[in-house]
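Student: As a plain string of letters, each chain reads:
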Amino acid sequence: MKQCLVVDDSSVIRKVARRILEDLQFQITEAEDGQQALDACRKAMPDAILLDWNMPVMDGLEFLTSLRREPGGEKPIVVFCTTENDVAHIARAIRAGANEYIMKPFDREIVEAKFQEVGLI
Amino acid sequence: MTPTEYDFLKRFLKERSGLMLSDDKQYLVESRLVPVARKNGIDTLSGLVQAMQRGGNAVLSNAVVEAMTTNESFFFRDKTPFEHFNNIMLPAMLEKRASSRSVKIWCAAASTGQEPYSIGICLKEAAHKVAGWRFRILGTDLSSEVLEKAKAGIYSQFEVQRGLPIQMLLKYFAQQGDLWQINPDLRAMIEWRKLNLLENFSHLGEFDIVFCRNVLIYFDQQTKIDILQRIAKMMPEDGFLVLGAAETVVGLTDAFQPVPGQRGLYQLKQAASATAAPRLAMASSFGLK
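Quick note, the sequences are listed as chains U and Y, same order. FYI, the numbering for the first sequence is 861 to 981, going by our numbering. FYI, the numbering for the second sequence is 258 to 546, going by our numbering.
One should not assume that every hint holds.
[To be verified] Listed below are the simulated DSBU-like cross-link pairs for lysine-lysine, each with C-alpha atoms no more than 30 angstroms apart in a straight line:
{"hint": "1", "chain 1": "Y", "residue 1": "Lys406", "chain 2": "Y", "residue 2": "Lys381"}
{"hint": "2", "chain 1": "Y", "residue 1": "Lys296", "chain 2": "U", "residue 2": "Lys964"}
{"hint": "3", "chain 1": "Y", "residue 1": "Lys428", "chain 2": "U", "residue 2": "Lys935"}
{"hint": "4", "chain 1": "Y", "residue 1": "Lys282", "chain 2": "U", "residue 2": "Lys862"}
{"hint": "5", "chain 1": "Y", "residue 1": "Lys408", "chain 2": "U", "residue 2": "Lys964"}
[Stated by the list, open to error] Distance windows between CB atoms, simulated:
{"hint": "6", "chain 1": "U", "residue 1": "Ile954", "chain 2": "Y", "residue 2": "Ser413", "range": "13 to 23 angstroms"}
{"hint": "7", "chain 1": "Y", "residue 1": "Ser279", "chain 2": "U", "residue 2": "Val978", "range": "20 to 30 angstroms"}
{"hint": "8", "chain 1": "Y", "residue 1": "Gln310", "chain 2": "U", "residue 2": "Arg952", "range": "42 to 52 angstroms"}
{"hint": "9", "chain 1": "U", "residue 1": "Gln885", "chain 2": "Y", "residue 2": "Arg520", "range": "38 to 48 angstroms"}
{"hint": "10", "chain 1": "U", "residue 1": "Val917", "chain 2": "Y", "residue 2": "Val316", "range": "48 to 58 angstroms"}
{"hint": "11", "chain 1": "Y", "residue 1": "Asn440", "chain 2": "U", "residue 2": "Gln885", "range": "29 to 39 angstroms"}
{"hint": "12", "chain 1": "U", "residue 1": "Val917", "chain 2": "Y", "residue 2": "Lys381", "range": "37 to 47 angstroms"}
Think of the hints as simulated: they come from the structure by calculation, not from any bench. Ideal Cβ placement from N, Cα and C applies to all residues, glycine included.
Pulled out of the complex, with its shape left as it was, chain U reads as follows (with noise of 0.2 angstroms):
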């Protein structure tokens, strides 16, 4: 089974993607913010992360610049789902090494494709 990090600082949008991935065979850990989920990388490195942009702590640009830092950081599939829906925002979050974007609001529909695209399912 695949480990999917869901990283948002928002428990209702974190319940939404819980049950869509766990549908899509993921098992999943959940972190608040960038912080805790830069902790949670040191411990395991999950298969994907589905990672906000605005949250408290760290937010998801300095949490995936970090990570891409981390022994083994290059490893996770990190997919951003977040409401910075404009051309400059996903530009710098792919510099930056995302694989995939979300632009909220999201449905299944939206997850499963971009997953797809990048080869988790």
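Go by the hints and put chain Y onto chain U.
Tutor: This is chain Y only, laid out in the frame that chain U set:
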């Protein structure tokens, strides 16, 4: 719209068209039915549902069914046909049309344009191979309304997130608020025409590649046969036909044979296309003249 009203819509659509609407399709209902409501002088979706519940307005009910059952189209829908395009059809054409350097492609049920644009994107991605070539892509559909949308090439955030890799969104679209528009050079690659497949379409000319996906399913057996036979007559011997994932020519016509191992991909049967006579005989064997 309240949950009760949404449930009413779900039941109504199930009964009237067999469409199964899941609970997370509010955005779809909104994007499809708000225009229907407006056209009928109704401000909100709640108002629309209430008007339907009062009953007696068949025109309104039909408009709702039609709006909700129009085939939803994605960019690179089903993936495989576009892999076939890149790996089989395009290389074959580049070899066989080397003297004319001209290839004609027909999307026979273009709907809101995602399929022809996906082909256009494939050609852009293969730019180094097709430099100096002329590709004509024709997109036809029964509905002038969807063709208007196809021509404009403007899609919602939901539509561009199904099947389209984010890199391609950045590369081939321009953002306009919450909407995304296909770049002008891609739009210029495609010609749009209104066409009913039940009517004669031989005037469109010859096509090397025909995409006819997810439309035959709406027709009865005899009509399917007729359409496939007429498409066969518009294709050169080495042309390709692409059908939808759930469609086949098997049991319908001998004009086409499946390309072995390539789901949904067909070519003319050499024997059938060698001379006109066997094809005529075959048509009459199906009761068509």
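Student: Now look at each hint and say whether the structure bears it out.
Tutor: Comparing the hints with the structure gives:
1. Y:Lys406 <-> Y:Lys381: Given that 30 angstroms is the threshold and the Cα spacing comes to 22 angstroms, the pair holds.
2. Y:Lys296 <-> U:Lys964: The hint holds at about 29 angstroms.
3. Y:Lys428 <-> U:Lys935: Measuring from Cα to Cα gives roughly 25 angstroms; hence the hint holds.
4. Y:Lys282 <-> U:Lys862: Holds: Lys282 (chain Y) and Lys862 (chain U) sit about 28 angstroms apart, inside 30 angstroms.
5. Y:Lys408 <-> U:Lys964: With a Cα-Cα distance of about 27 angstroms, the restraint between Lys408 (chain Y) and Lys964 (chain U) holds, given a limit of 30 angstroms.
6. U:Ile954 <-> Y:Ser413: 13 to 23 angstroms: holds, 21 angstroms
7. Y:Ser279 <-> U:Val978: 20 to 30 angstroms: holds, 24 angstroms
8. Y:Gln310 <-> U:Arg952: 42 to 52 angstroms: holds, 48 angstroms
9. U:Gln885 <-> Y:Arg520: 38 to 48 angstroms: Check failed, 24 angstroms falls outside 38 to 48 angstroms.
10. U:Val917 <-> Y:Val316: 48 to 58 angstroms: Holds, since Val917 (chain U) and Val316 (chain Y) (Cβ atoms, about 56 angstroms apart) stay within the stated range.
11. Y:Asn440 <-> U:Gln885: 29 to 39 angstroms: With Cβ atoms ~37 angstroms apart, the hint holds.
12. U:Val917 <-> Y:Lys381: 37 to 47 angstroms: holds, 42 angstroms
Figure legend: structure checked against the earlier numbered hints; the only hint not met is number 9.
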